[in-house]
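Protein sequence lines correspond, in order, to chains F and D.
One rule links them: number in the working numbering = place in the first sequence (from 1) + 2.
One rule links them: number in the working numbering = place in the second sequence (from 1) + 44.
Since the hints were derived computationally from the structure, they do not count as laboratory data.
Here the structure is a predicted model, which means the values were calculated and not measured.
Don't be surprised by glycine CBs; every beta carbon is placed ideally from N, CA and C.
Any given hint could turn out to be false.
[As the list claims (entries may be wrong)] Distance ranges between label pairs, derived from CB positions: (1) Asn-117(F) x Thr-193(D): 24 to 30 Å; (2) Thr-268(F) x Leu-338(D): 29 to 35 Å; (3) Val-87(D) x Cys-216(F): 44 to 50 Å; (4) Gly-340(D) x Ser-213(F): 51 to 57 Å; (5) Thr-268(F) x Leu-339(D): 32 to 38 Å; (6) Lys-193(F) x Leu-335(D): 54 to 60 Å.
[To be verified] Residues from chain D that keep clear of chain F, each with C-beta distances beyond 10 Å, as calculated: (7) Ser-60; (8) Trp-128; (9) Tyr-149; (10) Asp-190; (11) Ile-383.
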Amino acid sequence: MTKSFTKIRKRAGNIASYVLLATLGVLWVLPICYLIYTAFRVTPSTGIINSLFPSNLKLGIGNFTRLFKDTDFGQWLINTLIVSVSSCALTTLFILMVSYALSRMRFRLRKPIMNVLLVLGMFPGFMSMIAVYFILKAMGLTDSLLALVLVYSGSAALSYYICKGFFDTIPRAMEEACILDGASQPIVFLKIILPLAKPIIVYTVLTSFISPWCDFIFVNTIISDRAKYTVSLGLYKMINAEKNSFNDNFTVFCAGAFVVGGIIVTLFMSMQRYYVEGVTSGAVKG
Amino acid sequence: MKEGVRKKRPAGAILSAFKGGTLYTRLSFVFMGFGNLARGQIVKGVLYFLAQVVFLLFMIFMGGRYIAHLFSGNLGTRLSGEIWNENLEIFEKVKGDNSFLILLYGVASLLLIGIFLCVWAMNIKSSYTTDKRLEQGEAPQTFKEDLHTLLNEKFYAPLLFLPFVGLLIFTVMPLVFMVLIAFTNYDYAHMPPGKLFDWVGFKNFSSLFSLSGGATGFALVFLRVLIWTFVWAFFATFTNYFLGLLIALLIQRKGIKLKVLWRTLFVIAIAVPQFVTLLLMQKILDGDGILNKLLGTNILWLTDHRYFSIIPRLMIILVNIWIGVPYTLLMCSGILMNIPADYYEASRIDGASPARTFFSITLPYMLHITTPYLITQFVGNINNFNVIWLLTGGGPVDNLYYGGGSQAQSTDLLVTWLYRLTTDQNPRYNVASVIGIVIFVISAVLSLVTYNRTASAKGEDTFQ
Numbered sequence: 003m004t005k006s007f008t009k010i011r012k013r014a015g016n017i018a019s020y021v022l023l024a025t026l027g028v029l030w031v032l033p034i035c036y037l038i039y040t041a042f043r044v045t046p047s048t049g050i051i052n053s054l055f056p057s058n059l060k061l062g063i064g065n066f067t068r069l070f071k072d073t074d075f076g077q078w079l080i081n082t083l084i085v086s087v088s089s090c091a092l093t094t095l096f097i098l099m100v101s102y103a104l105s106r107m108r109f110r111l112r113k114p115i116m117n118v119l120l121v122l123g124m125f126p127g128f129m130s131m132i133a134v135y136f137i138l139k140a141m142g143l144t145d146s147l148l149a150l151v152l153v154y155s156g157s158a159a160l161s162y163y164i165c166k167g168f169f170d171t172i173p174r175a176m177e178e179a180c181i182l183d184g185a186s187q188p189i190v191f192l193k194i195i196l197p198l199a200k201p202i203i204v205y206t207v208l209t210s211f212i213s214p215w216c217d218f219i220f221v222n223t224i225i226s227d228r229a230k231y232t233v234s235l236g237l238y239k240m241i242n243a244e245k246n247s248f249n250d251n252f253t254v255f256c257a258g259a260f261v262v263g264g265i266i267v268t269l270f271m272s273m274q275r276y277y278v279e280g281v282t283s284g285a286v287k288g
Numbered sequence: 045m046k047e048g049v050r051k052k053r054p055a056g057a058i059l060s061a062f063k064g065g066t067l068y069t070r071l072s073f074v075f076m077g078f079g080n081l082a083r084g085q086i087v088k089g090v091l092y093f094l095a096q097v098v099f100l101l102f103m104i105f106m107g108g109r110y111i112a113h114l115f116s117g118n119l120g121t122r123l124s125g126e127i128w129n130e131n132l133e134i135f136e137k138v139k140g141d142n143s144f145l146i147l148l149y150g151v152a153s154l155l156l157i158g159i160f161l162c163v164w165a166m167n168i169k170s171s172y173t174t175d176k177r178l179e180q181g182e183a184p185q186t187f188k189e190d191l192h193t194l195l196n197e198k199f200y201a202p203l204l205f206l207p208f209v210g211l212l213i214f215t216v217m218p219l220v221f222m223v224l225i226a227f228t229n230y231d232y233a234h235m236p237p238g239k240l241f242d243w244v245g246f247k248n249f250s251s252l253f254s255l256s257g258g259a260t261g262f263a264l265v266f267l268r269v270l271i272w273t274f275v276w277a278f279f280a281t282f283t284n285y286f287l288g289l290l291i292a293l294l295i296q297r298k299g300i301k302l303k304v305l306w307r308t309l310f311v312i313a314i315a316v317p318q319f320v321t322l323l324l325m326q327k328i329l330d331g332d333g334i335l336n337k338l339l340g341t342n343i344l345w346l347t348d349h350r351y352f353s354i355i356p357r358l359m360i361i362l363v364n365i366w367i368g369v370p371y372t373l374l375m376c377s378g379i380l381m382n383i384p385a386d387y388y389e390a391s392r393i394d395g396a397s398p399a400r401t402f403f404s405i406t407l408p409y410m411l412h413i414t415t416p417y418l419i420t421q422f423v424g425n426i427n428n429f430n431v432i433w434l435l436t437g438g439g440p441v442d443n444l445y446y447g448g449g450s451q452a453q454s455t456d457l458l459v460t461w462l463y464r465l466t467t468d469q470n471p472r473y474n475v476a477s478v479i480g481i482v483i484f485v486i487s488a489v490l491s492l493v494t495y496n497r498t499a500s501a502k503g504e505d506t507f508q
């Protein structure tokens, strides 16, 4: 009697869970579906979308041809790629260097440096944006992609924390043996620590590669030349520049978002394992 | 155990170098590199000497002027304009002062002086070390040996050099500059080079914290923004956390099949760049957006300012749930798998109900482990610029926020308010800078609490 009762209860619980999961899942997937659907929707000649499923609905790749022909999206894509590849390389290098120094070496200023970095990281980044802009201007660098690379990787040292946490977990015994054998620090760094730190390197590369694709605040201040935009600013301006730009460009925006999303999804899918490892190994420590 | 042997403080070390050093070392105080050059450490000596020459040239031709300006008590007095030249009988263009550049270059020069002082101290130390070595009958360290040390015991120096240069130029210098701005009257009415700005002491702070403005005064606007910032951060953090935990628990349930599929369904949302999702949501929730069309309603989801803008505020939190939950889901499911199974075994044997198990085992365990994460999330949400800016832009505009020309709007967080104050057509950099300092204080206090709570921070170097 009680046994069958618990069985029924369990069944009911499972069904309820499935229903809840399905509802939530639909809620999470729906906006993405809407984005994809709109990207492939051919805009009526009036340019205005009135309903979700109009009777004269046409699907096609018209938005994508418009995206690459009528806007500078192709150029923006190349710009973003240049910026993200170079800033990702610099950032990763900086973070690894700082983390190694702070995790594996002992020197007088180590603790003070860590405290200063902690405090510096607490100021909101764009509080000083205007000053950064003028510093770049004094260096004659505004309106250039190099400026973006410098800004993105210039403060890389501040995000050493997760990576250092990972380095801290690598046992010392190995490198000590190596040093006894006469290896210098650079050798230890390159031959021992780096191979062991693969998950965190992938994680760092991934996050620093993606951030230029998503930032539009700094680009907005530093770059005014349309040809130097990155995709995020370009897409933002596409639907937020003028009052009516929304209705005119929404489908094209969705097409652009689809392209950007596609690139990032592909990246994530291929690196997902490392990403999760990185998130869980560095972010949460009891 | 403190790190290494406790060394003398830098000032003390330099003083003892002067007392105990040879004549060469004492001369190094004035002529950098002298001590090294005299003892045959040519490369090192030349480098120090060059550093001194470059620094002096810089101070004479550029830095000195800015420093003098910076300490003259005002940030420039001469406006640019045209002055009648008697001899040539024409108007001559005169370049006036520019408070902004005086301050910026002044700060840069100060930082350079600081760096120079470090190099200077290194030069003395190097000469003093050579003194000691000679005293003990050893040969002075050659340049090759110096390089060897840099690749071994002092490998941290070359490692840290470049990242720190970047940090100095793009973080420290701008920050010092902006903090100083908080003590000036730099706003739309004082825009150099047309108009100059000047020091005003703590006036900006007092206008923000004093209640002199009355019910519509600046201080109250500040208070309203501050309260909403905290309310938002609270809800944004905990709605995400508990919903993420709930979904993780549902997926984890024993009877549920296709776990990977369910998880992927939510995790896909992470892969879409945040600004894309936010702009998309903004358009969906727009007055002419698809949601109203589908529902056949006419609700201003993001721009209704009635009832303290309750609708936009709710929508912001809801959209934030959509964005944030996949992350917490990932993290929670990772931790849930690590809860020791015997806890559950024991509670099952004791006949505890699922609810009891959740509240007595799962939740306490989760909270214990993720407290630091929650606090960092909270701080992150206080500074969560994107969600607010891309959804409502801080709006809608509300009379309650007009006080003192504050330019604040009803869903503004401190950060978005700061951003508007610096990018508006009538910027008020001084106020923005004060707000930045307030944000810093809040984040600093909360982060220090986390830092001290985290066991890993304390035993950070015992772990290896």
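Consistency of the hints with the structure:
no.	hint	in the structure
1	Asn-117(F) x Thr-193(D): 24 to 30 Å	holds (26 Å)
2	Thr-268(F) x Leu-338(D): 29 to 35 Å	holds (31 Å)
3	Val-87(D) x Cys-216(F): 44 to 50 Å	holds (46 Å)
4	Gly-340(D) x Ser-213(F): 51 to 57 Å	violated (40 Å)
5	Thr-268(F) x Leu-339(D): 32 to 38 Å	holds (35 Å)
6	Lys-193(F) x Leu-335(D): 54 to 60 Å	holds (57 Å)
7	Ser-60	holds (17 Å)
8	Trp-128	holds (32 Å)
9	Tyr-149	violated (8 Å)
10	Asp-190	holds (14 Å)
11	Ile-383	holds (12 Å)
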